[in-house]
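Sequence order for the protein chains is A and B.
Take the first sequence: its letter number 29 is residue 29 in the working numbering, and every next letter is one higher.
So the number in the working numbering is just where the residue sits in the second sequence, counting from 1, plus 1000.
In short, the hints are calculated from the structure, not lab data.
Treat the hints with care, since some could be wrong.
[To be verified] Chain A stretches covered by chain B per the calculated footprint, using a threshold of three residues with CB under 8 Å from any CB of chain B:
hint	stretch
1	173-185
2	337-344
3	380-389
[Claimed, not checked] Far from chain A, some chain B residues (derived; all Cβ distances over 12 Å):
hint	residue
4	Val1059
5	Met1095
6	Asn1101
7	Leu1143
8	Phe1149
9	Trp1256
10	Gln1272
11	Ser1279
12	Ile1281
13	Asp1310
14	Val1332
15	Val1352
16	Tyr1442
17	Ile1459
18	Thr1475
Beta carbons: idealized from backbone N, C-alpha and C, even for Gly.
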Amino acid sequence: MAALLIKNFLRTKGFIFGLLILFLSGLTSLYIGKHFLEKNHEIVKKTAHFQQENIDRYVQNTKEMGSLLYYIRFGLSNQASNLAGLSIGQRDINPAVMSVTIRNLQEQKYNTDLMNPMYQLIGNLDFSFVLLYLFPLIIIAFGFNLVSEEKEEGTWSLVLSQAISPLKMLLIKMGIRYVSVLAVLLLLFFIAKLYLQISFDVAFIAYIVNSLLYVSFWFCAVWLVVSFHKNSSQNALILLTSWVLLTIVIPASVNAAIVHLYPAPEAFSTVLESRDGYHTKWDKPKEPTIQKFYQRYPQFAQFKHPDEADYSTLWYYAMQQAGDDEAATQANALKEKLRKRDALSTTIGLVIPTIHTQLMLNSLSLSDMRNYLNFNEKLQEFHERKKLYFFPKMFSNVPILQENWKIFPLEYFQDKADVQWLRAILPLLIISMLCVLWAQKNFIKNNTLNRHL
Amino acid sequence: MRFTILKILSRQVLISTLKNKSTIVLIGIFNILIIAALFSGYSAFRQQQASVKDHSHEVRERWENNPDKHPHRMAHYGYVVFRQKFPLSFFDFGMDSYLGNAVFLEAHRQNTVNFSEASLSNGLLRFGEISAGMILQVLLPLLLFFWGFDLIARERENGTLRILLTQGISWPELIVGKALGLFYLSLSIFTPAIVIGFILLASNNSGLHNSQAFGQFSVLITSYLVYLSIISLLAVYVSAQSSSSKAALIKLIGCWLVFTLILPKISQVAGQSLFPSPSKIAFDTKVEEELISQGDSHNPNDPHYKALKDSLLRAYNVDSTHKLPFNYGGYVMREGERLSAEVYNRHQEKLVSIYQQQQNAVRLTALINPFLAIKNLSMALAGTDYNTYNDFQNQVEAYRYKQAQAMNELQIKLISNKIKSSSDKSSAVSSQYWKDFPDFDYHFLSFTQVFGKEIIAIISLIIWVVGLFFLIKTTSTHLKAF
């Protein structure tokens, strides 16, 4: 029986075609992922090269430490995991590298990369898109008429008279489809591993498990719908509506609600505060600005602004510091808002498989908002470190050539995926189980369990 | 084609579809969805509008309240511009969420426009956004396909098709008549959306732009009507073409997927690989290299600036820049600003033209994809497309340049050559000059500018209508009655 069903499946042109579509679109997505990773790599490489060139040039042409550091930039790269080739996530929006001077950070940290917004709007055809959108469609096409087809073609009574129970036969039919789709999925992962050189670590395993569970969820959903014994077009309608709701309408509504719940006017205020915090100091008495700076950095109290001098490096960087300090409240509030947005959508994701899977995959691929926020924190630390290193040298005007300028290459931030197995697996598992249990109840009600001789 | 027949056929479609309870439910759901989208879009628009207004007001106030000072300090104090949305943007969000909203303007450098909604989002945004435009472009066609897939195939399966045809109804009449019925059905969702949209548009008193917004709204309505008739015709034509209603449904859903999801993404990939665009670092490097090769205004021995100095000294017949009748430092800075802005603008134009080429790769597919045609057209009319944004960027840069040069002019005219530092008290010029410098006055693209850029979309919508009618006329002789 099972052998016959497999044979039947393999002989049906539509099924092979469906699997082929999944495979080919999967390959395309891997190509796009590869392209993305290469471009990303190129940006990092170019930045590293340009940074040294930039430093060397200014070191040659500048006379004072203070003005040299006005110009030169230090870069911190937000290293992409190769998994980002599977889920590009927010990485095509947030810059891969930030290059900053030691002047105030607020005026630099929000700078964006150059991107064609039309492309961001249309979105990437990355692997997570294929998984989230196309896999369910093919699964629906494979299963929506599992029962109704037999009924509509008049073979259902034949099924009922077979030696095995109807449910068992349906299970075998569904099983064949399940295994064949999983086979394509695993084959794609195998190719991805080699092609994108993904290391076989916890994050990748979690990525695979999550994808398998997502695919399983859709099979369970189809199983549930066919258990109602409705006709083919009703099944198709129900499943497609669920697909539209889960992949388009619900996530978009959730997003709109979150933006509405947590508006971020702080973004605009941050710009104004940091600008005024710094620039207005030029026209104010120098003493208070410098005193504030001493309070912030008592270790630099030994450095003095020369009496009656119009300008000093100390005063200049004290003004810059004021820009960051006065914007700090707004900037922190903004960060807090973003964390809240992220937390709420993660929570809602627990009951919406598509949202959950997308956010999970992005987070495992280090291409989500948390990675961006982590990176920003690291950037702040990095900036602080550079300031603390150069401040005393600038304030005491150490000759430029006393410094070894070869030791300031591009630095790298390697975020680590935080794999929380229960949180990753349970939501999908529970929803899938519920579908199966409900389906079981329906099958019992519809007398599908036993043979009718 | 007889109109009475079309009328009868379309009424029959309307009545029989509306008899189904699920139709009413679906119409209800769609109406709720679209009205919710309109209201939430509108409230977000109002919020943004108020926020932009407040913050811009504050920017202006802070600018004007600056004390007397050296004008170059003012050039560095600079300005902040926030992007305004077009009054119609609530109808179709387009790429609004991916566009920057705030830009800091200062002398010597062009900053990026920051804080796009996308940069503040955690990835949910990438599932798409629900706006009235999106519902009409993406979801409504799917609904029409559901209503329309069996309009002829079912009649064929039931054997009633033969009866219709033997009564003297021609194939084109049958297809167009049924499509008309489907089109009427779509109006049950489209009309409320338009009415509410109109009321919301009217309730927002945005002054000058309003008449233009209404003009664009009426073109928008016409375009959507054309789009919906294309979808209706397509649904019924495929239904007539297919051997069974099941086959028709599969074909139509396939079309929908290819139109709304697959083709846009594929054309995007093609555009990106055909016309690679530079990263920020590559862009900045090129600009900087060119600027260095042009001369360094800070270096007194730089050949370009040395030549400038020598020619000035000769012209005014003096032996030192201190003796020039105007401020030499300001003069040099004006020249530096001119050169650097020129270089930047040249590169920026090149970048924009690469983006345009990339987008044209997507635009051209509108010829085979009516969804992209309406998407582009709708975005342009709602003022949420790239051209509107690019125009904003150009206006911002023009304002930045004007401001920096105005400050340089003040320095050239009013500040003595003897002054060594901007902190010298006698270098301060009156704060009246800040007040006299005009505020950033943003104006939207004119109607013809909007329209001109979307010719491809308009042509492709027309081609689709004409093409479908042509197909119906020519291929209907091969269609089977049973």
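So, going through the hints one by one against the coordinates:
1. Note: the stretch 173-185 of chain A has 0 residues with beta-carbon separation from chain B under 8 Å; the three-residue rule is not met and the coverage is violated.
2. Note: the stretch 337-344 of chain A has 4 residues with beta-carbon separation from chain B under 8 Å; the three-residue rule is met and the coverage holds.
3. For the stretch 380-389 of chain A, the stated coverage by chain B is not satisfied: 0 residues place a CB nearer than 8 Å to a CB of that chain, which falls below the threshold of 3.
4. Distance check on valine 1059(B): its Cβ comes as close as 7 Å (rounded) to a Cβ of chain A, failing to clear the 12 Å threshold; non-interface status is violated.
5. With a least beta-carbon separation of about 4 Å from chain A, methionine 1095(B) fails to lie farther than 12 Å from that chain, contradicting its non-interface assignment.
6. A Cβ of chain A approaches the Cβ of asparagine 1101(B) within 12 Å, the least distance being about 7 Å, so the stated non-interface status is violated.
7. A beta-carbon of chain A is positioned within 12 Å of the beta-carbon of leucine 1143(B); the least distance is around 10 Å.
8. At roughly 9 Å, the least C-beta separation between phenylalanine 1149(B) and chain A is not larger than 12 Å, which violates its mark as non-interface.
9. A beta-carbon of chain A comes within 12 Å of the beta-carbon of tryptophan 1256(B); the shortest separation is about 10 Å.
10. The beta carbon of glutamine 1272(B) is not kept farther than 12 Å from every beta carbon of chain A, the shortest such distance being approximately 7 Å.
11. Its beta-carbon lying about 5 Å from the closest one in chain A, serine 1279(B) breaks the requirement of being farther than 12 Å from that chain.
12. A Cβ of chain A approaches the Cβ of isoleucine 1281(B) within 12 Å, the least distance being about 5 Å, so the stated non-interface status is violated.
13. For aspartate 1310(B), the condition that its CB be more than 12 Å from all CB atoms of chain A holds, with the nearest at approximately 22 Å.
14. No Cβ of chain A comes within 12 Å of the Cβ of valine 1332(B); the nearest lies about 17 Å off, and the non-interface call holds.
15. Remark: the non-interface label on valine 1352(B) conflicts with the geometry, its nearest Cβ contact in chain A lying 10 Å away (cut-off 12 Å).
16. Every beta carbon of chain A lies more than 12 Å from that of tyrosine 1442(B), the smallest distance being close to 16 Å; the non-interface claim holds.
17. No beta-carbon of chain A comes within 12 Å of the beta-carbon of isoleucine 1459(B); the shortest separation is about 19 Å.
18. The beta carbon of threonine 1475(B) sits about 25 Å from the closest Cβ of chain A, which is more than 12 Å, so the claim that it is off the interface holds.
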